[in-house]
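As given, the protein sequences belong to chains A and B, one line each in that order. Residue numbers for the first sequence follow numbering that gives the first Met the number 0, beginning at 0 and rising by one. Residue numbers for the second sequence follow numbering that gives the first Met the number 0, beginning at 0 and rising by one.
All the given hints hold, so there is nothing to weed out.
Computed Cβ-Cβ distance ranges for the label pairs, DEER-style:
1) A:P203 to B:L474: 41 to 47 angstroms
2) A:G230 to B:L474: 44 to 50 angstroms
3) B:W407 to A:F116: 46 to 52 angstroms
4) B:I45 to A:L159: 52 to 58 angstroms
5) A:R277 to B:I122: 32 to 38 angstroms
6) A:A200 to B:R492: 39 to 45 angstroms
With a Cα cut of at most 20 angstroms, we get these calculated SDA-like pairs of lysine to any residue:
7) A:K243 to A:L229
8) B:K314 to B:K324
9) B:K496 to A:V108
10) B:K314 to B:E259
11) B:K215 to B:Q413
12) B:K330 to A:L151
13) B:K118 to A:R353
14) B:K118 to A:P355
15) B:K493 to A:R114
16) A:K324 to B:E171
17) B:K331 to A:G236
18) B:K356 to A:R152
19) B:K324 to A:R152
20) B:K496 to B:W203
21) B:K118 to A:N49
22) B:K118 to B:I55
23) B:K279 to B:G304
24) B:K121 to A:R353
25) B:K207 to B:R492
26) B:K330 to A:D233
27) B:K207 to B:L497
28) B:K330 to A:R152
29) B:K248 to B:V309
30) B:K496 to A:N109
31) B:K356 to B:D318
32) B:K493 to A:W113
33) B:K51 to A:N49
34) B:K331 to B:I321
35) A:K39 to A:G192
36) B:K493 to A:P111
To spell it out: a stretch of chain B is covered by chain A in this simulated footprint if at least three of its residues, at any positions, have a beta carbon under 8 angstroms from a beta carbon of chain A; those stretches are:
37) 66-79
38) 97-106
39) 113-125
40) 465-472
Read the hints as simulated data drawn from the structure, not as lab findings. C-beta atoms are modelled at their ideal positions from N, C-alpha and C, and glycine is treated no differently.
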Amino acid sequence: MDYETLRLIWWALLGILLIGFAVMDGFDLGTAALLPFVAKTDIERRIAINTVGPVWEGNQVWFILGGGSIFAAWPSLYGASFSGFYLAMFLVLATLILRPAGFKFRSKVNDPRWRAFWDWALFAGGVVPALVFGIAFGNLFEGVPFGFDSDLRFHSEITLFGLLNPFALLVGMISLTMIVLHGASWLNFKTEGPVQARARAVMPYAAILFVVLFALAGACLAHMDGYRILGVVDHNGPSNPTLKTVTRIAGVWVRGEAIPAVVIALLGAVGALLLRRRPLMAFLSSALVPAATIATAGLALFPFLMPSSADPDVSLTVWDASSSKLTLAVMLGAVAIFLPLIIAYTGFVYRVLRGPVREQDLGGHSY
Amino acid sequence: MDLVELSRLQFAVTALYHFIFVPLTLGLSVLLGIMETVYVMTGREIWRDLVKFWGILFGINFAMGVATGITMEFQFGTNWAYYSQYVGDVFGAPLAIEGLMAFFLEATFVGLFFFAWDKLSKIQHLIATWLLALGTNFSALWILIANGWMQYPVGAHFNADTMRMEVSDFMEVLFNPVAQAKFVHTVSAGYVTGSVFVLAISAWYLLKGRNAEFAKRSMTVAASFGLASALSVVVLGDESGYTAGQNQKMKIAAIEAMWETEPAPASFTVFGLPDLAAHKTHMEVKVPWMLGLIATRSADTPVPGISELVGIAQKNIADGLIAYKALATIKKDPHDAQARKELDDHVGHLGYALLLKNIRPDIENATQDEIVRAANSTIPNVPVLFWSFRLMVGLGLWFIALFAFSFWLSAKRQLDRWRPYLWAALLTLPLPWIAAELGWVVAEYGRQPWVIVGVMPTALGVSSTTTTNVTLSLLGFVLFYSALLVVDFYLLRKYIKLGPDAPQHEEAA
Numbered sequence: 000m001d002y003e004t005l006r007l008i009w010w011a012l013l014g015i016l017l018i019g020f021a022v023m024d025g026f027d028l029g030t031a032a033l034l035p036f037v038a039k040t041d042i043e044r045r046i047a048i049n050t051v052g053p054v055w056e057g058n059q060v061w062f063i064l065g066g067g068s069i070f071a072a073w074p075s076l077y078g079a080s081f082s083g084f085y086l087a088m089f090l091v092l093a094t095l096i097l098r099p100a101g102f103k104f105r106s107k108v109n110d111p112r113w114r115a116f117w118d119w120a121l122f123a124g125g126v127v128p129a130l131v132f133g134i135a136f137g138n139l140f141e142g143v144p145f146g147f148d149s150d151l152r153f154h155s156e157i158t159l160f161g162l163l164n165p166f167a168l169l170v171g172m173i174s175l176t177m178i179v180l181h182g183a184s185w186l187n188f189k190t191e192g193p194v195q196a197r198a199r200a201v202m203p204y205a206a207i208l209f210v211v212l213f214a215l216a217g218a219c220l221a222h223m224d225g226y227r228i229l230g231v232v233d234h235n236g237p238s239n240p241t242l243k244t245v246t247r248i249a250g251v252w253v254r255g256e257a258i259p260a261v262v263i264a265l266l267g268a269v270g271a272l273l274l275r276r277r278p279l280m281a282f283l284s285s286a287l288v289p290a291a292t293i294a295t296a297g298l299a300l301f302p303f304l305m306p307s308s309a310d311p312d313v314s315l316t317v318w319d320a321s322s323s324k325l326t327l328a329v330m331l332g333a334v335a336i337f338l339p340l341i342i343a344y345t346g347f348v349y350r351v352l353r354g355p356v357r358e359q360d361l362g363g364h365s366y
Numbered sequence: 000m001d002l003v004e005l006s007r008l009q010f011a012v013t014a015l016y017h018f019i020f021v022p023l024t025l026g027l028s029v030l031l032g033i034m035e036t037v038y039v040m041t042g043r044e045i046w047r048d049l050v051k052f053w054g055i056l057f058g059i060n061f062a063m064g065v066a067t068g069i070t071m072e073f074q075f076g077t078n079w080a081y082y083s084q085y086v087g088d089v090f091g092a093p094l095a096i097e098g099l100m101a102f103f104l105e106a107t108f109v110g111l112f113f114f115a116w117d118k119l120s121k122i123q124h125l126i127a128t129w130l131l132a133l134g135t136n137f138s139a140l141w142i143l144i145a146n147g148w149m150q151y152p153v154g155a156h157f158n159a160d161t162m163r164m165e166v167s168d169f170m171e172v173l174f175n176p177v178a179q180a181k182f183v184h185t186v187s188a189g190y191v192t193g194s195v196f197v198l199a200i201s202a203w204y205l206l207k208g209r210n211a212e213f214a215k216r217s218m219t220v221a222a223s224f225g226l227a228s229a230l231s232v233v234v235l236g237d238e239s240g241y242t243a244g245q246n247q248k249m250k251i252a253a254i255e256a257m258w259e260t261e262p263a264p265a266s267f268t269v270f271g272l273p274d275l276a277a278h279k280t281h282m283e284v285k286v287p288w289m290l291g292l293i294a295t296r297s298a299d300t301p302v303p304g305i306s307e308l309v310g311i312a313q314k315n316i317a318d319g320l321i322a323y324k325a326l327a328t329i330k331k332d333p334h335d336a337q338a339r340k341e342l343d344d345h346v347g348h349l350g351y352a353l354l355l356k357n358i359r360p361d362i363e364n365a366t367q368d369e370i371v372r373a374a375n376s377t378i379p380n381v382p383v384l385f386w387s388f389r390l391m392v393g394l395g396l397w398f399i400a401l402f403a404f405s406f407w408l409s410a411k412r413q414l415d416r417w418r419p420y421l422w423a424a425l426l427t428l429p430l431p432w433i434a435a436e437l438g439w440v441v442a443e444y445g446r447q448p449w450v451i452v453g454v455m456p457t458a459l460g461v462s463s464t465t466t467t468n469v470t471l472s473l474l475g476f477v478l479f480y481s482a483l484l485v486v487d488f489y490l491l492r493k494y495i496k497l498g499p500d501a502p503q504h505e506e507a508a
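Using the sequences provided together with the hints, build the complete structure.
Shown next as structure tokens:
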């Protein structure tokens, strides 16, 4: 397999792993984001928490694996994005640190203030990552102010305040609404009674808001400067982002290749709304939303991974930010062996845990 | 403090916090597997109670391990961006495979372990428990393959076109002897930690005169598993010493505070007061032959001392400067064949030249005096290593003695007879953590000034971020972790006091 093909496969795998994270961890982040609103009493909250209690840890590994794969397959992107978005990443990590403790410790002490504290910690752990990842994606479209010196040492003028611009906040809201929609349709699927009723009532609002914001972002992109590589770059060349010329052209982020993904994202949201009385179908439909939204972003940006507004020529692309051919090949082998296994045993676990969570199920080791 | 110091401090603090929880997870997961196996084989309910009770404590600890672990992986990107760029091609792969092979397994089956007692058959649940234990141990394997490469960077080469290290032989990275020795040493240390935890808390129940049947069974398992593990830690720690002797001569010399080369067979310093300024060790007490046997497995190979190794470092720096200058030429003209040949011939010591970056940015103009200073900077903090190592080994020997005695008492069915023994077991509770953290200090602090030995000085690896950012995140992590640690202790204490026959939730009471 040649270097170009391996790079393309790893670009697709990057998308697949991020989609795995958004779909799998997405519904437990969404559940946590809805927790204070759809569940009022302590029993209701425990029901909501226990719908994701046994599986959230496995789901979160999609995030860890996403990070690990960027490290292994796209090391320049790994260093640039995480150090560039330093304080934003810290906010994500800080709220994710609270999640394991929130799930595990909340029900271990019978005190309303203690439990309320952890409920809001879980809420933050759901809302903040969803919002920040969206904001980060929004900034990728606009370009990020960074450069490389001749040792390929990354430097940037990114500030937290600079990241919080209107378009990025819009994308952050898209990310949050899709996660909330997905979480609501999970609760609609896994609970009964008042929690289910409230979650179901959230779904139309989240779905419609998502469609509106998604269309708005599309309209913004049509007017925004996108990035294009000038001339020919060697798709089999060395991973060195300083060897090409890049220009900015208005509207180039809007492109035909992304249309199928756009359609699926919108249909997924509408489907979740219309099918909400058939909870499993609605959940599968809402899973399409984060999947297709990430696919839309990836396809629109291709071949860019992280465009630079300060020095467009050193933008990170699929052709110059990857690992060596050997590492990409070895890692592809590892994914080919382990990803099917992961999907198989994760499927087994969800089958064992099938069915709604009811009050009488709470007890023993549950949260 | 400057950016490098702050970033190092943050890494050390977060790693040491994380390493409070990791060894216990490693050890308890296997102990849970053993206890549940006994339950499935004998069918006696008390063994299931054992699994469930130690499982609660395992779960509280596991949550903290996950919470502190998230930071570790992402910190390479946030705080060590140039490190990630420079070696991600090699170092990233084991971390990603850890996620694929290990962390998914443990994180998925930990859910079944807690939530599926009524949903799985006995055998199915036992398999879930063992998969959980397998996942945690695989996790350690891949992390230590990554770490082993930092100590002994095999199977990789420098690529001038991408300005970074790239894999040339993945099998060499995988079967790195340092990684293998470290893996077995570290997981054994985890098993010792888990065994001491079970032994000490059970001893407390016996001292209180409660839950005797439960406590004695727990102690029997802990004593036998702990004895095997403690022996393995020391024997395989010796294997670690041997591989360090082969590959990290400076670390061995620093641990020994051995300033001058020891003629074969080298003796081992049991006690001494290393003096960093005078390059001397006062009041030495030496055991003849011992170091030579540990480090070289022979009686006729000398073990090089610090002065000799600094001299070698000086030569390496001069040699590396040739590579560095050739690289500068290649940057201007990538097609200069002469410069590429020169780089190839000297690239092995390029990392040594980079040590000069701590002294001046334009290292090609370095003076002989600066080269000597850079060579001297390869000496780690000798007194810290000397004492950390001795304390760790002393603790290791104490664990062997304690477990051997426990094993003997257990065989004679006299575990509850000797109160001084029970007190000793209880008071040993914090010691494996001290040993484990000291082990981290010896391995990682002893690696300085390198982040990757011979390839990249630590100071070069940091991100181009601000000290304000790192100060904020450092304070944030310390605050969050310390608060969570207090909660963790509070909950562990609460559930230990409630004991095995209490219901698991208060509202169920």
